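Basically our numbering = 1-based index in the sequence shown + 5.
What the hints contain is simulated information worked out from the structure, not anything from laboratory work. Misleading hints may appear alongside valid ones.
So the derived label-pair ranges between C-beta atoms look like this [unchecked claim]:
| no. | residue 1 | residue 2 | range |
| --- | --- | --- | --- |
| 1 | G289 | L224 | 20 to 28 Å |
| 2 | A471 | M598 | 50 to 58 Å |
| 3 | V551 | R635 | 23 to 31 Å |
| 4 | D310 | Q34 | 53 to 61 Å |
| 5 | G289 | L360 | 46 to 54 Å |
| 6 | L617 | Y472 | 21 to 29 Å |
| 7 | F495 | L360 | 49 to 57 Å |
| 8 | V529 | F442 | 16 to 24 Å |
| 9 | P477 | T671 | 47 to 55 Å |
| 10 | Y342 | S61 | 33 to 41 Å |
| 11 | S567 | Y342 | 37 to 45 Å |
| 12 | W631 | P477 | 54 to 62 Å |
| 13 | R635 | R547 | 17 to 25 Å |
Below, simulated EDC-like cross-link-like pairs (lysine to aspartate or glutamate); rule was C-alpha separation at most 16 Å, straight line [what the hints assert, rightly or not]:
| no. | residue 1 | residue 2 |
| --- | --- | --- |
| 14 | K480 | E447 |
| 15 | K42 | E57 |
| 16 | K480 | E465 |
| 17 | K246 | E283 |
The model shown is predicted, which means the values in this text are computed figures rather than measured ones. Beta carbons: idealized from backbone N, C-alpha and C, even for Gly.
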Amino acid sequence: MNPIVFILLSFQVRGVVYDPSGRPVEGAQVACGSEMKTTDSQGVFEMATACEATISKPDFATARVSLSETNQITLRLAPASQQVVVTATGTPVALEEAGVAADVFTVRDFTPPRVPFVQDLLRDVQGIDVVQSGQNGAVTSVFVRGGDSTSALVLLDGVPITDPGGQIDFAHLTSAGLERIEVIRGPESALYGAEGASGVIQMFTRRGDPEATMPRGELVYDRGSFSTDHWSAALNGGLAKRFDYAVTTDQFRSTGEFPNDAYRITTGTANIGYRFSENTQLRGSYREFDSYTGDPGQTGDQSFDLLAHSLDRDSVLSVHLDNTLSAHFSQRFLYGYHRYRDAYYDGFDPASISLTGRNLGSYQGTFTHSGGALVFGYEFQHQSGLISGVDQSRDNNGVYFYEQYSIGRRIFLSGGARLEHSTVFGTQFSPRGAATFRLPTETYLRLSAARGVQEPSLFENFAREAYFVGNPNLKPEKTISYEAGLFREFLSRRVRAEGSFFRNSFRDLIQFDFSNFPGTWSNVQAAWARGLELSGSVRLFRFATVRGGYTRLYTRITQSNSPAQIGTQLLRRPLNSGSISLELAPRRWTFAMGGRFVGERADSDFLQPNALRNPAYNYVFLNGSWQATRHVSPFFRIGNLLDERYQEALGYAALSRNASGGLRLTF
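Please model the complete structure; the sequences and the hints are all you need to start from.
Right, here's the structure in full:
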């Protein structure tokens with residue numbers, strides 16, 4: 006990946022700004038004291054005098070440089086965070102060169118008036134279907150490119166926070182304390198082992214600035230429909246140019262729309278770093294949430310369970326040491342810990358308690374060379390859980406490599422593989438390869454193929470209940486994926502367009518088998534998914550942007566222990582879905598209005614033997630904010646503006662029209 010390059014021409018204070026691919030950047034702001042200049046269509050600017058200048062433009066990192074009249078100077082500026090992805094290859098790489106379909110969200114996307122839950126960001130990513138079984142706090146699943154809800158790996162600062170086997174409830178993931186989220190669509194088992202068979206979602210916690218002379222902070226409070234209260238407090242800073250810190254605490258609570266529909270979640274996040282030298286840094290992060298969720302049951306028929314509820318606690322720790330040994334070699338040592346406790350009470354039986362966790366240690370080395378970079382590493386995981394009242398565990402060991410190589414800044418090749426051994430399901434091999442071609446029209450053509458692997462859950466392996474038992478002989482689920490994509494920018498980057506076509510084949514899918522008593526799980530199902538993803542944006546004016554996307558997804562079950570399922574669609578994957586929004590930012594105001602469309606899809610209420618049809622729905626939102634002063638910003642948001650009655654999961658009514666308003670203070 007080439008950095009942005011700024012060239013200062015000799016004899017006069019005149020310069021040119023380039024992007025990572027060597028194209029001139031139009032519209033970059035160059036500020037020297039009170040003098041402000043804007044680069045022209047060739048990226049050129051001229052200043053009257055030499056000075057300390059600041060160069061900035063949306064989508065790029067701001068740079069501070071010394072302008073001089075004497076020599077030609079080449080300065081290297083890091084691309085802005087939303088232009089770079091780390092999760093796809095293990096090292097920072099420009100999005101268009103990564104060889105994957107990826108989306109990146111940054112702090113701007115988490116700032117009020119935007120909704121403070123990760124699932125709401127994912128709803129606008131093409132190829133991803135989000136299904137919530139009810140309202141605030143209700144179980145929320147994510148399906149990536151037709152894959153199962155357990156086949157997307159979720160990481161926090163490099164540590165998996167999915168249960169062993171891939172289960173995770175997205176309802177409890179807030180954006181509090183996060184700095185960025187990277188979403189990779191497509192198998193990533195070549196880097197991450199027996200998980201991430203359909204994609205990876207990695208969250209990075211916010212960091213402080215060791216150069217900061219004063220702490221910075223933020224306070225947010227808003228209140229809205231259904232007695233909803235939300236507050237957040239954050240503080241970050243640094244000390245002695247070596248130590249940095251960032252801490253956040255956040256709480257959301259609501260009584261809900263129905264009886265026994267209350268939800269409360271408190272989240273705390275801390276990220277602390279220490280720089281021993283320019284070449285060695287130690288960093289640790291910790292995040293925990295506690296939640297209470299009422300469970301009224303299937304609310305579509307207005308019958309409510311008044312007693313059932315769950316108490317959840319999730320803790321994750323990440324500690325890593327980064328060390329640069331030379332200009333071409335760096336390494337990272339990582340320790341991670343994750344523990345999840347779910348206690349469910351229904352008012353009649355004793356509490357059903359699920360307790361799972363993992364400890365991991367890993368090493369990654371990165372060797373950079375003239376053509377790109379080589380990543381290699383080793384990871385050990387100890388996975389454990391309280392299953393049917395008995396402590397159970399398994400161990401995974403994995404080694405991997407991943408190479409990136411560019412040819413003439415026109416062809417970008419990447420590929421690698423991981424060899425994973427489990428004490429339960431044996432050895433698995435997961436390769437991946439990709440090629441990106443930068444065409445003369447500045448269009449990027451992307452081709453890739455990969456094999457994904459998804460391990461069984463501890464419950465599927467080790468359960469011992471009265472009516473069913475686990476199967477220790479289960480094999481991992483397999484995914485074979487092929488993808489082709491195009492990306493292009495037009496009219497000085499005012500227009501961006503991207504399209505992807507993919508085909509996924511799933512086999513050895515795990516399905517519960519009732520044919521014998523007691524029942525158990527077996528690798529008896531197979532299916533495929535293929536689809537088209539389109540997305541783009543148009544900057545109409547300096548303060549107006551339109552964004553949109555569309556997904557066409559076909560799925561079929563080709564093998565099952567239930568003959569009636571063969572030839573049918575996979576549940577809860579709509580054929581058609583899409584989104585569109587208009588963002589306005591005139592002066593100190595911001596407004597956004599948009600909508601999502603989710604088409605008819607196969608579903609089940611699990612009370613009848615056959616699949617049913619869940620009708621299509623539209624969701625419309627409106628939000629806005631006003632920068633009243635430098636540090637004060639009131640905001641509002643309205644969800645389900647048209648008050649449409651719909652069910653994301655059959656039998657569970659979604660939230661009706663709701664509104665909230667609040668205040669954001671910074672210091």
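Right, here's what the structure says about each hint:
| no. | hint | verdict |
| --- | --- | --- |
| 1 | G289 with L224: 20 to 28 Å | holds (25 Å) |
| 2 | A471 with M598: 50 to 58 Å | holds (53 Å) |
| 3 | V551 with R635: 23 to 31 Å | holds (29 Å) |
| 4 | D310 with Q34: 53 to 61 Å | holds (57 Å) |
| 5 | G289 with L360: 46 to 54 Å | violated (24 Å) |
| 6 | L617 with Y472: 21 to 29 Å | holds (25 Å) |
| 7 | F495 with L360: 49 to 57 Å | holds (53 Å) |
| 8 | V529 with F442: 16 to 24 Å | violated (41 Å) |
| 9 | P477 with T671: 47 to 55 Å | holds (54 Å) |
| 10 | Y342 with S61: 33 to 41 Å | holds (39 Å) |
| 11 | S567 with Y342: 37 to 45 Å | holds (40 Å) |
| 12 | W631 with P477: 54 to 62 Å | holds (60 Å) |
| 13 | R635 with R547: 17 to 25 Å | holds (21 Å) |
| 14 | K480 with E447 | violated (44 Å) |
| 15 | K42 with E57 | holds (14 Å) |
| 16 | K480 with E465 | holds (11 Å) |
| 17 | K246 with E283 | holds (11 Å) |
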